[in-house]
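Protein chains: 2
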Amino acid sequence: MKIYDVEGFPNPARVRIALAEKGALDQVEFIPVDVMNGEHRSAEFRAKNPDAAVPCLELDDGSHISQCTAITEYIDASFDGPSLTGDTPVARARITMMNLRAENGLLNAVSAYFHHATPGLGPTLETDQCAEWGNRQKEVAGEMMVYLDDVLAKQDYLAGDAFSVADITAFAGLAFADLAKVEIPENLSHLRNWRSRVAARPSIAA
Amino acid sequence: MKIYDVEGFPNPARVRIALAEKGALDQVEFIPVDVMNGEHRSAEFRAKNPDAAVPCLELDDGSHISQCTAITEYIDASFDGPSLTGDTPVARARITMMNLRAENGLLNAVSAYFHHATPGLGPTLETDQCAEWGNRQKEVAGEMMVYLDDVLAKQDYLAGDAFSVADITAFAGLAFADLAKVEIPENLSHLRNWRSRVAARPSIAA
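Note that the protein sequences, when read in sequence, are chains A and B. No gaps in the numbering here: position 39 of the first sequence is 83 in this note's numbering, and each next residue is one more. No gaps in the numbering here: position 111 of the second sequence is 155 in this note's numbering, and each next residue is one more.
For the record, the hints were derived by calculation from the structure and aren't laboratory data. Be aware that a few hints might be false.
Restricting the straight-line Cα-Cα distance to at most 20 Å, the calculated cross-link-like pairs of lysine-lysine (PhoX-like) are [claimed, not checked]: (1) K198/A to K92/B; (2) K198/B to K92/A; (3) K46/A to K66/A.
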């Protein structure tokens, strides 16, 4: 399989961490997309991914899967190793729920702040800003951090006792928060400690 | 299991259609939430669902699952009948991808237009409007309708040959579009025909 992405960007990192957790990074060919020059918005790339975003997975039959949650679900099912998406219906549902909260309430919220209420990727790419919305999404991200801290006061990982794609999404969300200069409040010690533990995993620290 | 919801609202409809597809509507106790009077934002309800939204599933152990995608995934795994979320890793990934497109690009976009750029549920509940954002999301919904029409020109359902949760989400999105007075353009015949076929399913027409 091939993955079109940009190394170091938050959403591509979700897929790379999932692959590393499964020990499968070397089974994928990565193809860089020149996002800074708008390649992701070209007709050629939109034919692969109508969302005009990275990452995008290309299967061996030439078809494409985009949306990180779909790609990481496919990776989890395709390679051996501990499940990242849950082994039982209840575990799967909890992981899906927490992954969506981390995605919409943290990663996408910080992304909206970055792209709408800061210079973002620069005036050539940020042609559709709505600062009022971006600033509200920064508040949403702050509220989600408080919620996640509360969850992590009671359990080791966002969806329970096991590391999952929900943790990967939230971890990437905090990386995006760094990029956007949105800080984790000092008093959210459970979230900060969880972040340190996740950062030390071989899939990320290596 | 119990489901806290409001009959007739678009997101609750997603869960009710999934249950009907599995022939399991009678296995759930529905508990109405007085959304019009803000019950979903009460501390008591937030203890069940921190998202302060309906629907919310209560399992027999007293724990809760929210986010429609998580609830419908749990329903699909818990009851017999044709799969709504896919039988193979590729099918699951395609359904997850198309479900997210239908959710973010249609249902949530129309919802943002309704709540931010129209009177929505009225001044008591709509205390945080951002009209500029809402109006842009109406455009996003229009673009997604064109994309979905293009997909449905080539296949019977949004994720391929089989009906799935992606179809349920898009169908609920069009119901929300009706509520928000966002029309499907006349020329999108594939989307209109698909809607008629889905509306005739026993899970919806009955």
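Outcome of the hint check:
1. K198/A to K92/B: Satisfied, since the Cα-Cα distance of roughly 16 Å is no more than 20 Å.
2. K198/B to K92/A: At roughly 16 Å apart (the allowed maximum being 20 Å), K92/A and K198/B satisfy the hint.
3. K46/A to K66/A: This hinted pair holds, its Cα atoms lying about 16 Å apart.
The structure is consistent with each of the numbered hints, conforming to all of them.
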